[in-house]
Amino acid sequence: MRHPNAVARATGALLIIIIFALPVLYVIMISVESPAHFLNSPLVPPTSPAFGNFSQAWTGANLGQELINTVIYSVAAAAVSTALSLLIAFPVARRLVRGSGAIYGMLAIGLFLPLAIIPLFIEARSLGLYNNQIGYIILHVEPGLPLGVVLLTAFISAVPRELDEAAWMDGAGYLRYLIRVVVPLTRPALVISFLYALLNVWNDIIGPVVFLVDPSLFPVTRGIYNFFGSNESQWTLLAAAIVIASLPVVALFAVSQRQLIRAAVTGSVKG
Amino acid sequence: MTARRPGAGLRRRGGPARLLSRGSRVTMWLGLLLGVAVYTAFGLLPAAGNLLVSLTDYSGLAGSTTDFTGLANYTALLTSERPGFVASLIATVIFVSAVTFFQNAFALLIAHRLVREGKLESLLRVLVFLPIVLGVTIVGLIWILIFDPSGGPAASLFGAVGIHSAFFGSSGAALPLVIGVQVWQNTGFSTLVFIGGLKAISPDIYEAASLDGIGRWQRLRRITFPLLAPSVTVNVLLAVVGAFTTYNLIYVLTDGLYNTNTLGMLAFTSAFGTSANLGLGAAVSIVLFAMTLVVAVPLMVWLRRRQRRLFA
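Keeping their order, the protein sequence lines are chains A and B. Counted the way the numbering used here counts, the first sequence spans residues 1 to 271. Counted the way the numbering used here counts, the second sequence spans residues 1 to 312.
Derived from the structure by calculation, the hints contain no laboratory data. Do not take every clue at face value.
[Stated by the list, open to error] Residues on chain A that point at chain B, a partial pick, calculated with CB under 7 Å:
1) 14
2) 16
3) 21
4) 23
5) 25
6) 84
7) 96
8) 113
9) 206
10) 225
11) 228
12) 235
13) 242
[What the hints assert, rightly or not] Derived list of chain B stretches under chain A, where covered just means 3 residues or more per stretch with a C-beta under 8 Å from a C-beta of chain A:
14) 23 to 34
15) 271 to 283
For each residue, glycine too, the CB sits at the ideal point set by N, CA and C.
Please construct the entire structure, taking both the sequences and the accompanying hints into account.
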């Protein structure tokens, strides 16, 4: 039985797949085509995949070094950012200090502040954060704070206050209490702020262009961007580089898509 | 934020923090201050610093002197001293309006299809979100491969119907293509926001409507769209502010050439391009920020008023 609704639904699904999957599939396909095959019939899948593109792209674009740099930058910056978000959010959510509301407002504004790359560049150079790994990490901590503080404040408010009072009267230390009690109870918010902060650092292309000059410090975004500039017309090689560079984030997304997507869906309902 | 405080009586003696030991209170303060210091140093100060830098001729080059030049950077933008500012304004207006419209229209259509719960639906939600995870560099490079004028599938497709173009290297096609990629990149997030909004509409309302014999179109127009107002507010504002301030994708796709030099891109190229002039770049950033506020704030007020009207 053909229901018009079912036809419309199938068409809709198909269109979404064509628009969003086809471009990605095209790149994956040509990444395993030999240059000769690509020149003759680029849109025909190759019978024997040419994995040589991958090893060539790996060494040619120095992807190994760049992926290591990227992992160091993004994991370190996102971890520090999430930890600092918690250290700001807890006293603010519990109103343990005067001006909690003002501190919260000041951070929430950060969601709308323009990214001031020019003053940041001047700051980076005068503080010695320019063109080095530690500096690059420090410069990437701040962008994760506004979202982290806003999310965590909301989550901490849902943790019963009695838990604080009971633990503190028993003489539990502040940090120990945060780690033992608050962290497990706010884990979803911590995971979301960590993941969004991490993606932000991972995918940054302006930061590496402005703050880094030494190629051995480049993360994968700048490395692959440069690789495109120096290997024009080597399409299959470029496609292989894209595939390698995306694999880590795609793998991370595969295990975390539930949290990321749920955060976007539910976050909007409250707004 | 405005949590009620049942234990308000504690406050008289220093609040609940009084229960912490002295050492713990010091730790709490240190943590808070460290976080706020990082935020101030790398978020608030640079944002305000733009204004200061924009009043100088700072080049950032070693050995050059920096002078306070007042509003010289701003007047340079408005006079013929700096050609390209007007073209940049035009590109920005086209880019922002087209991205806002298409991103939301497209996201609404997709959300309408994916709001049902099912295996296929959750898989497709992941798919539309994928470009956000891949990031601007990978997304930009994917589309550069597809629209490569000599070796891409788009060239053969358009070539088959007799259209030949340099695509991202053509002053006619580049801006529409950049708009398309920006929409492709960000539709996933707007879609998820719309799905959240659609899910928040109570099924009882639809049930009542179907009992009243209201048709599909009327249902969409009279129930779904008005009740979706909060998500529309969020999505339109995010798209407008996002489109105004973004330039990383443009940097990857065209480097601001071929009529794609939006204000965000112009700020970047003025500051870090061949004639490094950080002061001028900062002035463009300030103009961009002012323009964003002038558009976004009244838009927000209007959207919120509309939201209240539709809800009442």
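To see whether the hints hold, each was checked on the structure:
Interface restraint check: residue 14/A against chain B, minimum CB-CB distance 10 Å, threshold 7 Å, status violated. Below 7 Å, beta-carbon pairs count as interface contacts, and residue 16/A has one with chain B at about 5 Å; its hint therefore holds. Hint status for residue 21/A relative to chain B: holds, with the closest Cβ pair at about 6 Å, below 7 Å. At about 6 Å, the closest approach between the beta carbon of residue 23/A and any beta carbon in chain B falls short of 7 Å, and the interface hint on this residue holds.
The closest approach between the C-beta of residue 25/A and any C-beta of chain B is roughly 11 Å, which is over the 7 Å cut-off, so the hint fails. Evaluation of the residue 84/A hint against chain B yields a held restraint, the C-beta minimum of about 4 Å falling below 7 Å. With a cut of 7 Å, the hint placing residue 96/A at the interface with chain B holds, because the nearest CB-to-CB distance is about 4 Å. For the restraint placing residue 113/A at the interface with chain B, the shortest Cβ-Cβ distance is roughly 5 Å, inside the 7 Å limit, so the hint holds.
Evaluation of the residue 206/A hint against chain B yields a held restraint, the C-beta minimum of about 5 Å falling below 7 Å. With a cut of 7 Å, the hint placing residue 225/A at the interface with chain B holds, because the nearest CB-to-CB distance is about 6 Å. The criterion of a C-beta within 7 Å of any C-beta in chain B is met by residue 228/A, whose closest approach is roughly 6 Å, and the hint holds. At about 5 Å, the closest approach between the beta carbon of residue 235/A and any beta carbon in chain B falls short of 7 Å, and the interface hint on this residue holds.
About 6 Å separates the beta-carbon of residue 242/A from the nearest beta-carbon of chain B, less than 7 Å, and the hint is met. With a cut-off of 8 Å between beta carbons, the stretch 23 to 34 of chain B has 9 residues touching chain A; three or more are needed, and the interface restraint holds. Given a C-beta distance limit of less than 8 Å, the hint that chain A covers the stretch 271 to 283 of chain B holds, as 5 residues qualify and 3 suffice.
Going through the hint list in order, the structure does not satisfy hints 1, 5.
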